[in-house]
Amino acid sequence: MTIDMSQFYEVFFDEAEELLAEAERLLLGINLDSPDDEELNAIFRAAHSIKGGAATFGFMDMTEITHVLENLLDKIRKHEMALTAEHVDAFLSAKDVLKMELDGHRLATDVDQDQVADVKVVLKSLSEAGGVVIKPVAVAQAPAPVAAPVVEEKKPEVVTAPADGLNRFNIALPEISEKDANNLQEELGLLGDAVSTKQANGRFVIALTTDSTQDDIISICSFVLDPDDLVITLASDTPTIVPEHIVESALEVESGTEKTESKSKVAIEEEVGYGLFSVDGKDDVEEGYGFFAPFKPHADAAVVQLVGDDTVPSAEVIASENAHAEVHVAAASMSTSAKADSVEKKATPARRESDKAPAANAETSSIRVGIEKVDQLINLVGELVITQAMIEQRISMLDPVEHEPLINSVGQLTRNTRDLQESVMSIRMMPMDFVFSRFPRMVRDLAAKLGKKVEFVTVGAATELDKGLIERIVDPLTHLVRNSVDHGIELPEKRKAAGKGEAGVLTLSAAHKGGSIVIEVTDDGAGLNREKLLAKAQSNGLAVSENMTDTEVFQLIFAPGFSTAEVVTDVSGRGVGMDVVKRNISAMGGVVEIRSALGYGTTISIALPLTLAILDGMSVSLGKSIYVIPLNLIVETLQPRAEDIKTVTGEGRMVHVRGEYLPIIALHSLFNQHTDITDPTEGVLVLLEADGKKSALFVDRLVGQQQVVIKSLETNYRKVPGVSGATIMGDGCVALILDVAALIQMGQATNYLTGAPPFSNYTSNNIKSSNA
Amino acid sequence: MAKTILAVDDSGSLRQMVAFSLKAAGYDVVQAVDGQDGLNKAKEKTVDLVLTDQNMPIMDGLTLIKNLRALGSYKSVPILMLTTESSDEMKAKGKAAGANGWLVKPFDPKRLIEVVQKVIGS
Chain C
1 MTIDMSQFYE VFFDEAEELL AEAERLLLGI NLDSPDDEEL NAIFRAAHSI KGGAATFGFM
61 DMTEITHVLE NLLDKIRKHE MALTAEHVDA FLSAKDVLKM ELDGHRLATD VDQDQVADVK
121 VVLKSLSEAG GVVIKPVAVA QAPAPVAAPV VEEKKPEVVT APADGLNRFN IALPEISEKD
181 ANNLQEELGL LGDAVSTKQA NGRFVIALTT DSTQDDIISI CSFVLDPDDL VITLASDTPT
241 IVPEHIVESA LEVESGTEKT ESKSKVAIEE EVGYGLFSVD GKDDVEEGYG FFAPFKPHAD
301 AAVVQLVGDD TVPSAEVIAS ENAHAEVHVA AASMSTSAKA DSVEKKATPA RRESDKAPAA
361 NAETSSIRVG IEKVDQLINL VGELVITQAM IEQRISMLDP VEHEPLINSV GQLTRNTRDL
421 QESVMSIRMM PMDFVFSRFP RMVRDLAAKL GKKVEFVTVG AATELDKGLI ERIVDPLTHL
481 VRNSVDHGIE LPEKRKAAGK GEAGVLTLSA AHKGGSIVIE VTDDGAGLNR EKLLAKAQSN
541 GLAVSENMTD TEVFQLIFAP GFSTAEVVTD VSGRGVGMDV VKRNISAMGG VVEIRSALGY
601 GTTISIALPL TLAILDGMSV SLGKSIYVIP LNLIVETLQP RAEDIKTVTG EGRMVHVRGE
661 YLPIIALHSL FNQHTDITDP TEGVLVLLEA DGKKSALFVD RLVGQQQVVI KSLETNYRKV
721 PGVSGATIMG DGCVALILDV AALIQMGQAT NYLTGAPPFS NYTSNNIKSS NA
Chain Z
1 MAKTILAVDD SGSLRQMVAF SLKAAGYDVV QAVDGQDGLN KAKEKTVDLV LTDQNMPIMD
61 GLTLIKNLRA LGSYKSVPIL MLTTESSDEM KAKGKAAGAN GWLVKPFDPK RLIEVVQKVI
121 GS
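Order-wise, the sequence lines are chains C and Z. The opening position of the first sequence corresponds to residue 1 in full-length UniProt numbering, with each subsequent residue numbered one higher. The opening position of the second sequence corresponds to residue 1 in full-length UniProt numbering, with each subsequent residue numbered one higher.
It should be emphasised that the hints constitute simulated quantities derived from the structure, not laboratory data. One or more of the hints may lead you astray.
[To be verified] Every beta carbon over 12 Å from chain Z, so not counted as near; a handful from chain C, in silico:
| hint | residue |
| --- | --- |
| 1 | E18 |
| 2 | E38 |
| 3 | H48 |
| 4 | G52 |
| 5 | H403 |
| 6 | Q538 |
| 7 | G732 |
[What the hints assert, rightly or not] Here are the simulated lysine to aspartate or glutamate pairs, EDC-like style, with alpha carbons at most 20 Å apart:
| hint | chain 1 | residue 1 | chain 2 | residue 2 |
| --- | --- | --- | --- | --- |
| 8 | C | K694 | C | E660 |
| 9 | Z | K23 | C | D4 |
| 10 | C | K78 | Z | E44 |
| 11 | C | K693 | C | E714 |
This one's a predicted model, so the numbers in the text were calculated from it and none came from an experiment. Ideal Cβ placement from N, Cα and C applies to all residues, glycine included.
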């Protein structure tokens with residue numbers, strides 16, 4: 001029977017990603033002076049679990065790093081090594097590398113081998129610094145307990161308490177080049193006295209006399225070769241062992257007569273992995289597993305030749321042949337040796353009751369489904385909503401008295417459909433924490449790089465947003481946060497001089513407001529300088545005037561190629577980005593707003609629709625067609641009086657609304673569509689605002705407000721400037737959804753009322769249009 | 001009747017792999033996400049074999065084994081540890097806690113089934 005392991009890869013990837021994120025979160029919050037034992041244990045367990053999974057599923061590159069990581073963490077959590085800032089930095093970079101390797105396996109993205117090598121070097125140097133022990137008591141103990149447990153020794157005292165505190169290891173290497181072997185010998189030489197000998201079979205054996213532990217040796221070797229291929233034996237007083245026997249066949253040695261050898265054999269964990277202890281006290285040890293005595297193979301089980309290895313002291317066999325409860329006694333008898341001391345030491349601190357496993361527990365009450373299944377469900381519900389709207393429309397034409405039961409039933413259907421739609425949409429909703437959680441690390445690294453002090457605060461991380469939007473908001477938000485740290489928050493000295501605290505506060509918040517979610521990046525830094533912005537805009541050749549409102553001035557930073565940073569750092573300030581940020585957010589149907597006060601800070605506020613699939617819209621009529629305008633972009637609607645309409649030379653017609661003159665964009669001439677209403681006073685003006693600019697859209701009539709299901713025009717037809725999508729109305733007609741930002745821009749470029757260039761001259765190239 | 005195996009591991013991917021492999025070999029599998037969960041599930045239904053990870057949150061494998069052995073119904077049910085640590089120290093601890101054997105991670109599904117069949121038959 002073969003089992004396809006690849007079917008578990010996705011689960012492993014998800015799990016590893018969660019564990020990495022959790023480890024990072026814990027690392028960022030860790031208190032260097034008095035690290036919390038539970039946190040250290042949780043980080044250790046994360047590394048441990050990833051290692052186990054990676055090894056099982058054959059991702060050896062990840063196994064390698066987690067192995068070293070785990071050993072380091074193990075020492076730290078056992079207080080054999082003090083946690084330092086270097087450790088945290090190294091662990092964080094190791095996390096990055098693991099994530100990169102994970103993505104490499106999962107998404108076939110590039111893995112930067114240099115970065116991997118760097119992390120290995122750092123981890124290695126930290127491992128080598130393993131001699132830095134914080135407690136003097138531990139110094140004496142360190143070599144013994146770690147070395148002892150890995151040895152099966154008839155006379156444990158010989159090994160656990162060598163006179164000079166040194167252990168002699170024989171390290172049998174797999175087939176590697178002479179150069180690698182020499183390098184390894186050099187590296188191992190750092191631990192103690194290393195002598196390399198070439199065996200008859202061409203393999204190398206390094207004899208190492210050191211006070212370091214076997215783990216240290218494995219850590220070093222694992223950079224050059226796969227620890228699985230390594231056989232490390234602890235030599236007794238005289239190095240008589242011929243390790244290549246063990247390399248050739250661990251089993252043979254195990255079952256053979258050379259008991260002395262097999263007893264001092266220290267195979268690393270992957271080498272001898274399972275065993276059964278048989279009834280007569282002889283262990284059934286095979287490669288990879290073992291059974292303890294008293295083990296009786298099941299009657300149904302095939303008769304298996306038990307492999308003998310009677311290393312168990314007879315007293316223990318007798319004890320363990322009794323009830324299992326008495327096995328404890330056997331253990332107690334063993335504790336006379338130094339070995340058991342370390343057993344106790346290891347056993348106690350590791351566990352606690354209070355530790356919670358949210359991920360693991362949540363998993364039992366949740367299922368993972370492919371996103372395409374959810375999307376299909378959402379599509380179907382969308383269709384259902386349209387069908388339901390059609391039925392409702394038909395029903396409204398019936399006589400309410402005669403068809404009362406039918407009308408009541410349809411009312412019920414309407415409510416159920418709405419509930420169903422809401423529930424289905426909520427499947428795609430994810431908490432903003434998914435995005436927010438990546439920033440503490442970024443801010444920490446950035447602040448350190450720039451020599452700034454930043455306190456990072458998140459608010460409303462539980463606020464939910466559509467998964468599609470969550471993924472697309474990451475890049476713009478990353479840019480904004482980076483900008484805030486780089487340009488917004490000042491250096492500590494400057495802040496002090498300005499009477500502020502040395503550490504700047506960067507707040508990332510999310511909240512629901514009406515039908516949208518508002519995400520804000522706020523810093524208490526220098527604020528935007530109006531004069532500087534204007535000057536810069538002027539030198540960049542942008543049209544500016546002194547009369548511009550602050551809002552309009554601030555919007556200038558979204559112009560392509562605009563950067564006010566005097567020094568371009570490698571962090572930000574290259575002038576690319578803010579326009580991209582803006583474009584990305586507009587493409588999501590979102591709106592960006594800037595509030596800033598010089599000297600007090602800046603807030604960049606992004607308002608996004610909750611979902612991409614449904615839109616709150618206002619239907620308007622133009623001739624025989626219906627168009628839908630996103631409701632969140634409508635400021636107000638009005639029927640203008642004749643005296644409010646002015647014609648401005650070169651600017652076309654304007655409408656005077658509450659002291660402001662707004663350009664009128666006539667939809668019928670923009671879209672070149674026939675209508676009987678060509679005078680704004682006979683129709684309706686819809687005041688629109690996007691990108692900080694206002695315009696009045698001239699249409700025939702308002703039809704009504706409704707939720708519409710957005711259908712992509714691009715996939716079904718082609719991209720049309722000024723239109724962001726389409727929807728199907730209750731009567732089955734198709735209505736186009738207007739792209740407000742693009743309309744305002746098109747309106748500014750040309751005045752269609754005055755018959756300037758016709759619409760057909762415009763292509764999507766010169767119109768910054770966005771499409772849902 | 002198919003024999004039932006309780007698989008306890010906090011790592012979902014490994015647990016699923018174990019469960020899938022054992023199911024493919026014709027066993028019924030009950031899964032648990034940590035020692036405490038394993039203990040609860042073991043009490044609900046007495047299984048024919050327990051496979052448990054060692055390093056888990058809330059309750060580790062050794063504690064689970066000790067707790068199981070303290071139950072009347074689990075005095076003689078075989079228990080195997082699935083562990084990344086195969087040091088003699090760990091073996092001694094496992095044995096003391098009442099485990100019948102160990103299987104070192106990473107393991108091949110075939111190896112797992114082979115060991116399980118050895119213990120409780122197919």
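A quick look at each hint next to the structure:
1. E18: It is violated; E18/C is separated from chain Z by about 9 Å at its closest Cβ, not greater than 12 Å.
2. E38: Non-interface label on E38/C violated, nearest chain Z Cβ at 10 Å vs cutoff 12 Å.
3. H48: violated, 6 Å
4. G52: violated, 5 Å
5. H403: At about 54 Å from chain Z, H403/C clears the 12 Å cut-off, so the statement holds.
6. Q538: holds, 59 Å
7. G732: holds, 47 Å
8. K694/C x E660/C: Answer holds: K694/C to E660/C is near 10 Å, not above 20 Å.
9. K23/Z x D4/C: holds, 14 Å
10. K78/C x E44/Z: violated, 36 Å
11. K693/C x E714/C: violated, 26 Å
Consistency with the previously given hints fails for numbers 1, 2, 3, 4, 10 and 11, ordered from lowest to highest.
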